[in-house]
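Novice: Sequence:
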Amino acid sequence: MIGYLQGKIIDLSMQEAIILTSWGVWYTVSINDVIYSRIALEETVHLHIYHHRTENSESLFGFLDIADKKVFTELIKISWVWWKVAMLILSLWVEKLIWAVQMADNKTIEGIKWIWKKMAEKIILELRDKDFILNANISSGSQDKQTIRLPISISADIKNTLVNMWYQASDVDNVLSKLPEDMEDIWSILPYCIRELS
3 MIGYLQGKII DLSMQEAIIL TSWGVWYTVS INDVIYSRIA LEETVHLHIY HHRTENSESL
63 FGFLDIADKK VFTELIKISW VWWKVAMLIL SLWVEKLIWA VQMADNKTIE GIKWIWKKMA
123 EKIILELRDK DFILNANISS GSQDKQTIRL PISISADIKN TLVNMWYQAS DVDNVLSKLP
183 EDMEDIWSIL PYCIRELS
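My numbering puts the sequence shown at residues 3 to 200.
Any given hint might turn out to be false.
Using C-beta positions, here's what the derived DEER-type ranges look like [unchecked claim]: (1) Ser24 with Trp82: 36 to 42 Å; (2) Trp28 with Ser172: 39 to 45 Å; (3) Thr30 with Ile78: 27 to 33 Å; (4) Ser172 with Trp82: 40 to 46 Å; (5) Asn58 with Gln104: 37 to 43 Å; (6) Glu183 with Ser24: 41 to 47 Å; (7) Ser81 with Ala106: 17 to 23 Å; (8) Ser172 with His53: 40 to 46 Å; (9) Lys180 with Lys115: 21 to 27 Å; (10) Asp184 with Trp25: 42 to 48 Å.
FYI, nobody ran anything at the bench for these hints, they're computed from the structure. Glycine included, each C-beta is placed from N, C-alpha and C at the ideal position.
Produce the complete structure using the sequences and hints provided.
Specialist: Spelled out as C-alpha cells, the structure:
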C-alpha cells in the first residue's frame, strides 16, 4: 500500500496530478481544487496518499495534510459518500466542515454538489462524535461562517497564484476582502478574482 509520495509534477489539473518519483515510476493521484491551488506553481510535491484497492482497480487520493487524509477516510465510511463526493466536501475546507458539523448547519453541506438534505443530515450525524470534530476549537460564539469560510493558508495560496499571474498584491487583497458570501470553493473564487482584477 502507498501511504506517501514525493516527486516531480509531470501534469496537473484540478482533478488529478501525475507525479514522477525519483525511482522513475509515475503515479496518477486524484486531488481537489484546494490542493490544486496550493501546488499549481510548484515543480515538486509531497502528498499523503489514501490508497484504495479493489479486485479490479487501484486508485490514489492525495492530500497535503495528514489531517485531511484522516477526514477523507472518515467521510468515505458514510453510506452515500463515495470518493468524489468526499473530495468535494474537502474543497469546502476542513475548518468550515468542522464548523458546519458542530453547528448542525445542514445548509452549508447541502450546498456541495451531489449532496441532498438527508445526506447532509447523515454526514453531520456520523461525524459529530469523531475526534477531529470534538477536539476542534472553532465553534466559539465570536466566530461565524464568514470568519472561517476562507482559511488564512488558502487565502495566501490564492493570493500567491494571482500575484504570479502579474496582478498587484494590493489589488488582490482588496478583491479577497470583498468576496461574496456564496463563494465557497477555488472553482468560483479564482475566476471571480480574475474577472474583478481584469
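Novice: For every hint, state whether the structure bears it out.
Specialist: The hints, checked one at a time:
no.	hint	result
1	Ser24 with Trp82: 36 to 42 Å	holds (39 Å)
2	Trp28 with Ser172: 39 to 45 Å	holds (40 Å)
3	Thr30 with Ile78: 27 to 33 Å	violated (19 Å)
4	Ser172 with Trp82: 40 to 46 Å	holds (45 Å)
5	Asn58 with Gln104: 37 to 43 Å	holds (39 Å)
6	Glu183 with Ser24: 41 to 47 Å	holds (44 Å)
7	Ser81 with Ala106: 17 to 23 Å	holds (19 Å)
8	Ser172 with His53: 40 to 46 Å	holds (44 Å)
9	Lys180 with Lys115: 21 to 27 Å	holds (25 Å)
10	Asp184 with Trp25: 42 to 48 Å	holds (45 Å)
Of the numbered hints stated above, the single one contradicted by the structure is hint 3.
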